[in-house]
Amino acid sequence: MTKLPKCEDKKLGLLIDLDTCVGCHGCVVSCKEWNSSGDEKQLSDINSHQKDPVGTFLNRVHSYERENSSTNETETFYFPRSCLHCEDAPCVTVCPTGASFKREEDGIVLVNEDDCMGCGLCAWACPYGARELDLVSGVMKKCTLCVDRIYNEEIPPEDRVPVCVKSCPTGARAFGDFNDPNSDVSKKVKERGGVDLMPEMQTKPVNKYLLPRIKSKSSSVSSGLGVEEETNATGLLGWVDRALSKL
Amino acid sequence: MHPAPSIILFTVLSGFGFGLISIIGLLQFFNQISVVNIIIFSLIGLFFSTVGLISSFFHLANKKNAIKSMSQWQTSWLSREAISSIFCLSIVVGNIGWVFVQNLYINEVGIVLFLLSLFTIFTTSMIYAQLKTVPSWNNILTPALFIFAALAGGSILLMDYASLVLLLIFGVLQVLFWYIADQSFIYKETSVGTALGFSKNEDIRAFDVAHTNRNYLLNEMVYKVARKHAIKIRYISFFAAFVFPMSLTLIFPGNFSVSVLIIASHLVGIYFSRWLFFAEAKHSVGFYYN
Numbered sequence: 002m003t004k005l006p007k008c009e010d011k012k013l014g015l016l017i018d019l020d021t022c023v024g025c026h027g028c029v030v031s032c033k034e035w036n037s038s039g040d041e042k043q044l045s046d047i048n049s050h051q052k053d054p055v056g057t058f059l060n061r062v063h064s065y066e067r068e069n070s071s072t073n074e075t076e077t078f079y080f081p082r083s084c085l086h087c088e089d090a091p092c093v094t095v096c097p098t099g100a101s102f103k104r105e106e107d108g109i110v111l112v113n114e115d116d117c118m119g120c121g122l123c124a125w126a127c128p129y130g131a132r133e134l135d136l137v138s139g140v141m142k143k144c145t146l147c148v149d150r151i152y153n154e155e156i157p158p159e160d161r162v163p164v165c166v167k168s169c170p171t172g173a174r175a176f177g178d179f180n181d182p183n184s185d186v187s188k189k190v191k192e193r194g195g196v197d198l199m200p201e202m203q204t205k206p207v208n209k210y211l212l213p214r215i216k217s218k219s220s221s222v223s224s225g226l227g228v229e230e231e232t233n234a235t236g237l238l239g240w241v242d243r244a245l246s247k248l
Numbered sequence: 009m010h011p012a013p014s015i016i017l018f019t020v021l022s023g024f025g026f027g028l029i030s031i032i033g034l035l036q037f038f039n040q041i042s043v044v045n046i047i048i049f050s051l052i053g054l055f056f057s058t059v060g061l062i063s064s065f066f067h068l069a070n071k072k073n074a075i076k077s078m079s080q081w082q083t084s085w086l087s088r089e090a091i092s093s094i095f096c097l098s099i100v101v102g103n104i105g106w107v108f109v110q111n112l113y114i115n116e117v118g119i120v121l122f123l124l125s126l127f128t129i130f131t132t133s134m135i136y137a138q139l140k141t142v143p144s145w146n147n148i149l150t151p152a153l154f155i156f157a158a159l160a161g162g163s164i165l166l167m168d169y170a171s172l173v174l175l176l177i178f179g180v181l182q183v184l185f186w187y188i189a190d191q192s193f194i195y196k197e198t199s200v201g202t203a204l205g206f207s208k209n210e211d212i213r214a215f216d217v218a219h220t221n222r223n224y225l226l227n228e229m230v231y232k233v234a235r236k237h238a239i240k241i242r243y244i245s246f247f248a249a250f251v252f253p254m255s256l257t258l259i260f261p262g263n264f265s266v267s268v269l270i271i272a273s274h275l276v277g278i279y280f281s282r283w284l285f286f287a288e289a290k291h292s293v294g295f296y297y298n
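Chains as they are written, first to last, in my numbering: chain A, 2 to 248; chain B, 9 to 298.
I should point out that these hints are in silico values taken from the structure, not numbers from a laboratory.
Hints are supplied without guarantee of correctness; some may be wrong.
[As the list claims (entries may be wrong)] On the chain A side, residues computed to face chain B include the following (Cβ under 7 Å): (1) Asp-89; (2) Gly-99; (3) Ala-126.
[Said to hold, decoys possible] Cut-off 30 Å, straight-line C-alpha distance, at most; resulting in silico cross-link-like pairs (DSBU-like, lysine-lysine): (4) B:Lys-140 to B:Lys-232; (5) B:Lys-72 to A:Lys-205; (6) B:Lys-232 to A:Lys-189.
Glycine included, C-beta positions come from ideal geometry on N, C-alpha and C.
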């Protein structure tokens with residue numbers, strides 16, 4: 002059903018730390034691997050080993066540069082983008098077939114592929130580009146928060162987290178219940194000021210982001226390393242410098 | 009947004025068909041139409057609406073589940089559109105049958121047809137107008153434009169001076185829609201800054217691509233069109249959909265064969281207008297790829 006539930010019990014989601022992410026695309030690769038393996042799972046590619054390959058992904062990592070107004074320097078950061086499992090998910094309410102739904106028990110937004118007709122309206126309704134239509138199977142694909150891992154009693158308890166969290170080499174991704182004020186993710190959000198993406202769209206995302214910290218001026222570091230050219234050399238070095246300059 | 013021919017044809021043809029049906033309904037309610045004309049023009053309306061709906065079917069990537077689109081009327085405008093159009097067309101078929109057999113018509117059925125077909129056009133427009141992600145669609149002008157484009161088109165065959173009034177309203181709405189879509193204030197809240205969780209005026213640029221080839225998102229929602237062509241197409245659309253029909257209706261009021269020419273021109277103009285409606289619309293996901 003496309004009516005949004007209250008989700009008063011649990012709000013599962015991801016906390017992504019842009020200060021820690023190094024843009025390695027490890028989460029992208031492991032997500033693609035987990036969600037394409039198995040009997041019925043498919044996250045297809047077209048022309049995968051030829052010219053102009055196109056594929057379906059549930060997670061993409063962008064790179065940006067930002068002017069730091071306090072130091073007048075440009076800083077780079079990486080930005081993993083995936084479904085935010087919004088409380089007011091517009092992708093769910095627009096769905097005409099009932100394929101899109103939000104789970105009442107934990108707030109995960111999912112697609113029932115047996116009901117999807119591939120109209121693509123949910124992808125249009127999502128401000129974040131979190132949904133991609135699989136061009137081979139003709140149904141909409143999106144992040145499942147690895148619902149087939151987090152409750153899976155067949156795998157060891159330490160593996161019962163989304164595969165992107167498990168695979169992140171720098172620990173930039175954390176998984177937890179944002180409804181529980183004592184969970185690790187809730188504490189971190191409080192401590193470091195977790196933010197919503199496009200709050201003006203009124204989607205109330207569950208996933209939160211920690212923005213890059215303001216860095217100190219890099220020129221003070223580089224001059225200390227003596228990288229800059231020595232111009233006022235004296236003594237023997239000064240003589241060599243002057244002699245070579247005359248050549 | 010990607011201007012898919014199947015979707016453009018759907019909004020143009022079903023809009024015209026339901027516009028014609030609503031005009032028939034209005035005339036039937038006020039006793040202003042003959043029995044023969046109800047049958048002939050209802051069949052034309054039925055033809056165009058059905059072709060339009062079939063065209064939208066070709067947009068679906070997984071057609072076998074299309075029937076399920078009638079289930080979510082409580083939240084989904086697309087579901088309401090599917091139900092309302094099928095319901096309306098059933099009444100049209102019933103009305104044609106009744107008029108054909110009895111050789112007279114029930115006025116009250118006319119008002120039902122009028123309201124139901126107007127509601128169907130409204131639901132079509134709300135599929136787009138509901139999307140906060142596309143600011144140029146997300147306002148009252150979208151339903152107003154869809155409804156008056158349909159009514160103007162539908163009235164050309166059956167009305168003369170009333171048709172001029174409807175065309176005029178459509179023309180004004182069309183210019184207003186383009187004017188608003190060009191204003192930067194419609195994007196006033198969203199920027200690459202808010203897309204990434206910063207403040208609105210943060211100075212951020214993409215410095216590398218997230219993927220080396222195009223993908224579904226870029227093909228579907230980051231459709232770029234050369235501005236100079238967009239302006240030219242606006243002139244072509246406005247001339248074909250508004251100026252030409254307006255002048256011919258003034259010169260030859262009530263001339264049926266001229267009406268057919270007017271409709272052909274009007275529909276070509278509306279086709280270009282809808283092409284621009286999609287091609288010029290900017291989706292918020294574009295900020296991530298700025």
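Evaluated hints:
| no. | hint | verdict |
| --- | --- | --- |
| 1 | Asp-89 | violated, 11 Å |
| 2 | Gly-99 | holds, 5 Å |
| 3 | Ala-126 | holds, 6 Å |
| 4 | B:Lys-140 to B:Lys-232 | holds, 20 Å |
| 5 | B:Lys-72 to A:Lys-205 | violated, 33 Å |
| 6 | B:Lys-232 to A:Lys-189 | violated, 40 Å |
Violated hints, in rising order: 1, 5 and 6; the structure is consistent with all others.
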